[in-house]
Amino acid sequence: MTMPDNPLLSIEGLTVSYGAVEAVRGIDLTVRRGEIVTLLGANGAGKSSTLNALVGLAPRKAKRMEFAGTDLTGLPPETIVRRGMTLVPEGRRVFSSLTVEENLMLGGAKHAARGNPAQVKADMLERFPILAERLHQKAGSLSGGEQQMLAIGRALMSSPDLLLLDEPSLGLAPQVVDRIFDLIGNLRDRGLTILLVEQNVAQSLEIADRGYVLANGRIELQGSAEALRSSPEIQDAYLGA
Amino acid sequence: MKKSKLLMLSTAFVALASAPLMAEDLVIGLATAQTGGLAPYDQPNLAGLQMKIEEINAAGGIAGKFPIKTIIKDTRSDSAQTAMVAQELVDAGAQLIITPCDADPSIAAGMITQGAGIPAISFCATTPTLPLAVGDYMFSNYPADNVQAAMLAAHAIEAGYKTAYILTSPDTAYTLKLPQYFGQVFTAKGGSVLGEGTFTMGQQDFGAEVTKIAAMDPKPDVIMTSAYEPDFPAFVRQLRGAGVTTPILGSDGIDSPTTFGLGDLVEGVVFSTAGHPTAGSPLEAFNAKWTEKTGAAPDTIYIANGYDLGNIIEAAVTAADSLDPAAIREGIANLENLQGVTGPITYKGTNGMPLRSVSLVRIKAGDRDLVAQGQPDPADIPAP
Amino acid sequence: MDIFLQQLLNALSLGGTYALLALGLAVVFSIIGLINFAHGELMTVTGYAVCFALIWGLPFPLAVIAGLAVAMTAAFLMERVAFRPVRGASGTTLLLTSFAVSAILRVLFQNLISARPIPVAIPASLSGVVTIGPLHLGMIQLISIIVTLAMLLGLNLFLHRTMAGRAMRAAAEDFAVLRLMGLRANSVVATAFAISGLLAGVAGVLWVAQRGSVDPLMGALPVLKAFIAAIIGGLGSLSGAVAGGFLLGFIEVILQAYLPESLLPYRDAFAILLVITVLLFRPQGLLARKTLVKL
Ligand SMILES: Nc1ncnc2c1ncn2[C@@H]1O[C@H](COP(=O)(O)OP(=O)(O)OP(=O)(O)O)[C@@H](O)[C@H]1O
Ligand SMILES: [Mg+2]
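Protein chains in written order, with this note's numbering: chain V, 178 to 418; chain B, 204 to 587; chain S, 131 to 425.
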């Protein structure tokens with residue numbers, strides 16, 4: 178059995194290369210149960226590559242890669258997701274020609290073992306009343322914010338233990354961004370562990386417990402959210418102090 | 204099935220099975236199709252030819268002194284490949300080359316063999332212009348399109364048909380020219396052609412064409428076509444399906460088990476073919492011999508046709524009494540009234556397309572009923 | 131007018147067969163980006179299966195069911211043996227692989243079964259005529275219209291009412307994300323091939339019923355037509371494939387019916403010209419799908 182303070186996710190020496198391009202060059206990463214950990218960095222730093230590699234969608238190599246006590250090496254995405262770690266990909270990527278309901282159904286299709294899908298769906302619709310209203314509408318017809326809710330909702334249908342979020346605030350209006358961050362905090366309060374990739378450094382560090390800063394595929398800085406917020410590098414580069 | 208496997212092997216291990224070349228071997232190069240669209244015609248011809256060659260070699264060779272050696276190379280039914288293979292066979296020392304059952308690749312191969320001064324015979328190309336396109340070293344081994352057409356037209360007039368409709372496909376010379384030759388002879392003999400429809404080979408859709416025929420007023424007395432599988436079965440099915448009962452004339456392409464499996468749809472259809480096994484005929488005897496040897500009755504006349512090619516080669520080399528290609532060519536060109544299993548064969552006086560007997564057969568209750576046999580009046584045969 | 135109606139029916143029947151074939155190509159292309167030129171050989175396999183089942187003594191309906199089962203199995207095996215090892219490779223690699231599969235199968239048919247067509251005993255009841263007012267329809271034509279519509283309806287229900295169907299639609303849009311739903315890539319692809327095999331099987335049975343024989347190369351032309359139809363419709367779009375199939379059928383029949391006799395030999399050239407015109411105005415095809423994001 179995993180000890181309570183054993184990390185939920187623990188990665189050592191992760192590299193991701195696309196042919197000759199080395200996007201991630203050997204990083205260590207730990208996420209403990211109940212935490213929000215944020216992964217920050219400029220465009221092209223390798224954030225998405227890291228998340229995609231974790232769920233098996235990007236070509237990866239690692240010295241060690243463990244989730245909830247099991248080795249992730251060589252597992253395909255579908256198996257990793259069934260073990261309880263899932264990703265809300267960058268750009269939302271809802272199935273736009275399918276209805277909102279169908280998107281949710283697919284999210285919960287293979288996870289009867291992890292929770293009661295009907296129950297999960299009822300919870301979901303309560304949490305996202307907008308989705309309940311739009312249940313039979315094509316996902317492609319939703320606004321950006323609604324699509325992001327749907328993408329998160331769809332991922333939650335698998336009742337994950339660890340949720341990877343790739344730039345959920347991307348391209349959304351400020352009020353909507355606030356709602357998304359509220360939601361993330363809310364999910365953590367209900368026991369979900371979250372690894373959050375963001376460009377919105379200020380807001381991320383506000384809700385996160387810890388953070389990593391990635392540059393050119395390497396971890397440049399890490400620490401508690403508190404410490405990062407006050408570090409001069411972050412102040413200069415991101416917070417424009 | 205066993206036979207085909209053997210063929211495949213023989214292609215793969217070209218001539219490995221036989222003894223090394225002897226000075227007095229007649230080397231026949233086969234630039235024919237084991238695969239692709241011509242394989243259904245070349246394979247049975249080859250099987251028949253090989254039977255004859257075995258018999259010849261068992262008797263010590265042609266005239267007891269020229270054993271036959273074959274080099275078989277697959278042309279994949281591709282004209283360019285056929286030319287290449289023909290060159291390889293010429294280089295390998297073939298004194299006679301056999302080309303595929305179609306004019307186009309035969310012409311491609313002929314360009315090589317004509318230049319090399321080596322006689323070439325197509326298994327069963329029916330286009331009468333084939334030797335004209337290549338030269339005096341090119342022959343075919345089948346009743347030509349214009350000969351078949353003349354026989355069919357004579358029959359049409361005799362049957363009392365006054366008007367005809369022809370259905371052609373521009374996709375091959377055979378499907379285009381044969382019905383047109385028919386129309387020419389039919390018109391010359393006092394009939395009239397009411398129209399010409401076309402189809403795309405392999406398309407199997409005759410709905411539009413059949414609707415036009417059904418709407419014709421007046422209706423033709425007879426429909427003539429050289430469509431064969433898969434087009435012919437689809438055509439009759441759709442024609443009869445549209446309620447059109449006009450009689451149909453076809454050519455040798457439909458001489459196949461599929462046609463006879465169509466039941467009532469083809470009752471009464473008359474077609475030309477290269478032979479008919481009347482009681483006591485050499486063809487009947489050949490069929491019996493083949494059945495005994497392979498365990499299955501021949502399913503196409505091409506087997507006997509290939510066997511007859513063996514007869515032609517035997518007679519030509521015997522007459523030449525030499526393995527010199529030019530002498531063999533002379534031998535073929537002067538053959539007259541050679542008795543083959545499909546009937547008499549004459550090259551003398553022709554440009555290389557033989558005069559051969561054509562049989563007209565009527566389908567009756569799934570069986571063959573001989574309507575006429577022989578050669579048409581030479582005056583009736585349209586110029587190629 | 132009657133003649134025109136009759137020609138419309140003819141177009142419906144031909145277009146329907148093209149639609150089934152194009153749909154078979156599109157189902158696979160939409161998911162793994164492969165244009166399966168061996169689709170025609172699935173028709174051929176079906177034909178041989180029906181043929182041998184009949185020779186073996188099975189009644190026609192059972193022989194057809196056997197043929198369809200063999201088609202689905204063959205499609206499934208094709209994926210396992212030939213296409214899975216190159217999944218995710220470039221479009222060219224996939225295309226060449228499918229050409230190779232097609233060529234190998236043809237040579238096997240020619241040398242292991244027969245280079246010559248083998249007759250298939252189609253029951254005489256299928257040679258009948260159905261007369262509706264002034265219109266005549268061959269039994270097989272009628273059956274092919276009915277079967278095509280039933281298949282389209284059935285496939286539509288499958289895609290919209292079952293989880294496997296929804297997964298297929300989602301996979302066509304974004305295969306990577308579908309895997310994030312925990313759905314196995316291999317089973318979605320296998321389902322696509324099985325459906326494509328079924329469509330090829332149904333088209334194969336209809337095709338063989340028209341011609342009364344099977345031969346090793348019989349799949350070549352239909353797959354070409356299907357390819358053209360799928361391109362007109364917009365490769366990868368299922369409804370586009372259906373629309374493309376019907377449009378191609380209509381173009382061919384109407385040209386055959388109304389071109390003057392002297393131009394008839396050029397019918398196929400005119401048909402291709404019309405297709406090119408369609409593509410000039412809609413380069414992506416009639417119902418093109420948005421380009422998809424793939425990881
Ligand atoms: N599929 C791919 N093939 C090749 N190179 C890729 C691929 N995906 C990403 N890259 C490259 O890898 C590097 C890291 O990209 P990644 O998307 O991981 O960065 P990111 O930090 O998520 O950036 P952004 O903030 O813009 O989303 C970039 O140089 C990018 O061009
Ligand atoms: Mg990114």
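Don't read these hints as lab results, they were simulated from the structure. One or more of the hints may lead you astray.
[Claimed, not checked] Below, a sample of chain S positions facing chain V; criterion: calculated Cβ distance under 10 Å: (1) Thr223; (2) Leu287; (3) Ala306; (4) Met311; (5) Leu389; (6) Glu391.
Cβ coordinates follow ideal geometry from the N, Cα and C atoms, glycine included.
Checklist entry - Is the shortest C-beta separation between Glu391(S) and chain V less than 10 Å? => result violated, 47 Å
Checklist entry - Can Leu287(S) be said to touch chain V, with a Cβ gap under 10 Å? => result Check failed: Cβ of Leu287(S) comes no nearer than 14 Å to chain V, outside 10 Å.
Checklist entry - Minimum Cβ distance from Met311(S) to chain V below 10 Å? => result Since the shortest Cβ distance to chain V is 5 Å, the answer is holds.
Next on the checklist: Checking hints one by one. Is Leu389(S) an interface residue toward chain V, by the C-beta closer than 10 Å rule?
Outcome noted: violated, 39 Å
Checklist entry - Do the numbers back the hint for Thr223(S), that is, is its least Cβ distance to chain V under 10 Å? => result Hint on Thr223(S): violated, closest Cβ of chain V at ~16 Å, above 10 Å.
Next on the checklist: So, as I understand it, the hint says Ala306(S) touches chain V; can you test that by seeing if any CB pair is closer than 10 Å?
Outcome noted: holds, 6 Å
In summary, the numbered hints that this structure violates are 1, 2, 5, 6.
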